[in-house]
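Enquirer: The residues making up each chain are set out below.
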Amino acid sequence: MNTTKDSLSHPDGGGARPAVLEEVRPANMPRRPIVENQRTFAWITQKVCGIVEGRAPLWWWVAFVISSMVASFTVMGLIYLTATGVGVWGLSHPVFWGWAIINFVFWIGIGHAGTLISAILCLLKQKWRTSINRAAEAMTIFAVMCAGIFPLFHVGRVWFAWWLFPLPNANVIWPNFRSPLEWDVFAVSTYGTVSALFWYMGMIPDLATLRDRVKSVYEKRLAEAKNGAQRTFETAYYQFRKYFYGVLAMGWRGSNRHWSNYEMAYLLLAGLSTPLVLSVHTIVSFDFAVANLPGWHTTIFPPYFVAGAIFSGFGMVLTLMLPLRALFGLQDLITQYHIDCMCKICLATGSMVGYAYAMEFFIAWYGANPYEGFAFVNRAFGQYSWAYWIMITCNVISPQFFWFAAARRNLVLVFILSIFINVGMWFERFVITVSSLANDFLPANWNYYSPTIIDIFTFAGTFGIFGFFFLLFIRFLPLLAFAEIKAVTPQADPHHHHDNGNDDGHK
Amino acid sequence: MDTSNTASSPAARKPYGMLALFDSAPAIYEAARTVREAGYSRWDALTPFPVHGLDGAMGLGRSRVPVFVFIGGVIGFFVGMWLAWWMGYYNYPLIVGGKPYFSPIFPFPIAYELTILLAAFGALGGMFVCNRLPMHNHPVFNYENFRSLTDDKFAVVIEAEDPLFDAEGTRTFLEELGPLEVTALYDEEDDA
Numbered sequence: 036m037n038t039t040k041d042s043l044s045h046p047d048g049g050g051a052r053p054a055v056l057e058e059v060r061p062a063n064m065p066r067r068p069i070v071e072n073q074r075t076f077a078w079i080t081q082k083v084c085g086i087v088e089g090r091a092p093l094w095w096w097v098a099f100v101i102s103s104m105v106a107s108f109t110v111m112g113l114i115y116l117t118a119t120g121v122g123v124w125g126l127s128h129p130v131f132w133g134w135a136i137i138n139f140v141f142w143i144g145i146g147h148a149g150t151l152i153s154a155i156l157c158l159l160k161q162k163w164r165t166s167i168n169r170a171a172e173a174m175t176i177f178a179v180m181c182a183g184i185f186p187l188f189h190v191g192r193v194w195f196a197w198w199l200f201p202l203p204n205a206n207v208i209w210p211n212f213r214s215p216l217e218w219d220v221f222a223v224s225t226y227g228t229v230s231a232l233f234w235y236m237g238m239i240p241d242l243a244t245l246r247d248r249v250k251s252v253y254e255k256r257l258a259e260a261k262n263g264a265q266r267t268f269e270t271a272y273y274q275f276r277k278y279f280y281g282v283l284a285m286g287w288r289g290s291n292r293h294w295s296n297y298e299m300a301y302l303l304l305a306g307l308s309t310p311l312v313l314s315v316h317t318i319v320s321f322d323f324a325v326a327n328l329p330g331w332h333t334t335i336f337p338p339y340f341v342a343g344a345i346f347s348g349f350g351m352v353l354t355l356m357l358p359l360r361a362l363f364g365l366q367d368l369i370t371q372y373h374i375d376c377m378c379k380i381c382l383a384t385g386s387m388v389g390y391a392y393a394m395e396f397f398i399a400w401y402g403a404n405p406y407e408g409f410a411f412v413n414r415a416f417g418q419y420s421w422a423y424w425i426m427i428t429c430n431v432i433s434p435q436f437f438w439f440a441a442a443r444r445n446l447v448l449v450f451i452l453s454i455f456i457n458v459g460m461w462f463e464r465f466v467i468t469v470s471s472l473a474n475d476f477l478p479a480n481w482n483y484y485s486p487t488i489i490d491i492f493t494f495a496g497t498f499g500i501f502g503f504f505f506l507l508f509i510r511f512l513p514l515l516a517f518a519e520i521k522a523v524t525p526q527a528d529p530h531h532h533h534d535n536g537n538d539d540g541h542k
Numbered sequence: 025m026d027t028s029n030t031a032s033s034p035a036a037r038k039p040y041g042m043l044a045l046f047d048s049a050p051a052i053y054e055a056a057r058t059v060r061e062a063g064y065s066r067w068d069a070l071t072p073f074p075v076h077g078l079d080g081a082m083g084l085g086r087s088r089v090p091v092f093v094f095i096g097g098v099i100g101f102f103v104g105m106w107l108a109w110w111m112g113y114y115n116y117p118l119i120v121g122g123k124p125y126f127s128p129i130f131p132f133p134i135a136y137e138l139t140i141l142l143a144a145f146g147a148l149g150g151m152f153v154c155n156r157l158p159m160h161n162h163p164v165f166n167y168e169n170f171r172s173l174t175d176d177k178f179a180v181v182i183e184a185e186d187p188l189f190d191a192e193g194t195r196t197f198l199e200e201l202g203p204l205e206v207t208a209l210y211d212e213e214d215d216a
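Heads up: the sequence lines are chains A and B, in that order.
Everything in the first sequence is counted per this note's numbering, starting at 36 for the first residue and increasing by one.
Everything in the second sequence is counted per this note's numbering, starting at 25 for the first residue and increasing by one.
Don't take each hint at face value.
Claimed, not checked - Just a few of them, taken from the derived set where beta-carbon distance is under 10 Å, the chain B residues facing chain A: (1) Ala49; (2) Ser172; (3) Ala208.
Calculated from the structure, these hints are not laboratory results.
Every residue, glycine too, gets a C-beta built ideally from N, C-alpha and C.
Turn these sequences into a full structure, and let the hints guide you.
Expert: This is how it looks when you write it as structure tokens:
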């Protein structure tokens, strides 16, 4: 990088240089900064820790109460289901995989962006990931929790759900390892566990910073307390925070001997999570693709599902991060550059999904299987065509706005488009699941599937559950991975001062 | 983290080492290189974030975390395969869809996921084992300015147990590196 003129024109550099090289003027294309306004390390620490250490803003309480109330929809729906039976959902012949499997795939897919950001972008050395990876990983974990609810209760007798795992039971029978549904049990539980490990390990240095600040925060807040009750509360809160951050930080002291092992472990976890995230949605797609049903039995499903998952996940990251950025004033840490990058990934993966839709139609025609051909014509023009065209509009057309810088800079538009992406990806799973099941080989079996009010409330409630946990995460854990952000600022480079002056701005 | 006891009774303290505080990444990089070149062996650098190239400046070897990851991964793969074989072929063979009782193909996703699961536990556990964490307390926490070391400052700590350590000589050596301050660190006596 730094070997521009000096080393090339050095007499020892080997032979004569072509004269034309002297006329080459490298274009000055500075990289866009990851942290704007030359913020200092201390500013970054204060900015991120301040979110956790300050008092909860009013909007947080409003959002928390609303989320809790919405979450109760799922709780009530599941209690009613457990007490009555799976029939309270709108499942009936021939569609026995209704909203439950749609919602499961939808939530799992959303999780995938978190792992993509933390693992794949880490391996690709995309430094901009550092500002958004923590929140995206939290999103992954909470999304996997929401996803897990649906297959868990779809088994009907939820008190036997532990039979999914290879545990000894009274029937001395074991799970069927030939089934993609059993593979899914392993894939999703591994995914949830590894995501949590990765998230926690990445947080240890930041938790140590919070731990070291607990005492000064307490002293400041105690001085502001107006009466005895407030002082008692502050002291109790101090005791909680002291142990909460103290235990979670595991005695981290920032030793470089520790950082060396930590970075190796981080890199290896990134290397392990990359094949993991690709395998999870591959195995989810096997739930469909292994079945001999027209519209499901296709080899394009694994890559198509993975691209769709990343697409929906980035949609959700944008939906979450744009309001947080505005509410907490994080514009210097989550810059327009970050938003541009996320929009471009949405554009790329959305276009891949559009390509997959087109390729499915091509193969349905080229494969010359009449059932396969019918399944696809029926998707676009049959009884569920309304869902198909919602899907096409949201997933293929709406991200095309991201070709234009003006659209990417209009954050209200980006936010609206991110909602469209979320909606579109839910409909994609609806189209795949329901249209293939509702119109299978024998027209005598055909039926029109509709969800019940219980389906709708149970699904709506999962957004409350997600919001409930995400809001708690914002209050108690560092929202941005600030140790990593510091490491990608210009002043973190140990050779920072030496570059100034001898390098013509070409860096 | 409670330093009041140790501060009030210096007699009950034993020297742990000498800490020099720096305020920039280039400064800690240069300091680490100088300390290493001076021949010290029991010393450390404390930084709020991983400083690029500092491992090389300190002369650290390659981390041993990959060993734990490899062992975890191998165990995971064979446990996955063994589960499917033992349960489906040995303990309770059951014909499902006319498929074989065991084949290395169909349990592959199970073995694959368990490989990743146990390798990931190996990575986190290996990081803790290699770093001797969790650790309840450490003498560097007695430094009154420790808070800034997880914020925006950097430090070099040379331990008193280093063969080259000498209270006066090491202090002079560290002061020549141009730090913000040089402080002696003390450990609490075991039975104080």
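Enquirer: Decide, hint by hint, whether the structure agrees.
Expert: Here is what the structure says about each hint:
Look at Ala49/B: its Cβ gets to within about 5 Å of chain A, closer than 10 Å, so that hint holds up. At its closest, the beta carbon of Ser172/B sits 8 Å from a beta carbon of chain A; the interface hint therefore holds under the 10 Å criterion. For the restraint placing Ala208/B at the interface with chain A, the shortest Cβ-Cβ distance is roughly 18 Å, beyond the 10 Å limit, so the hint is violated.
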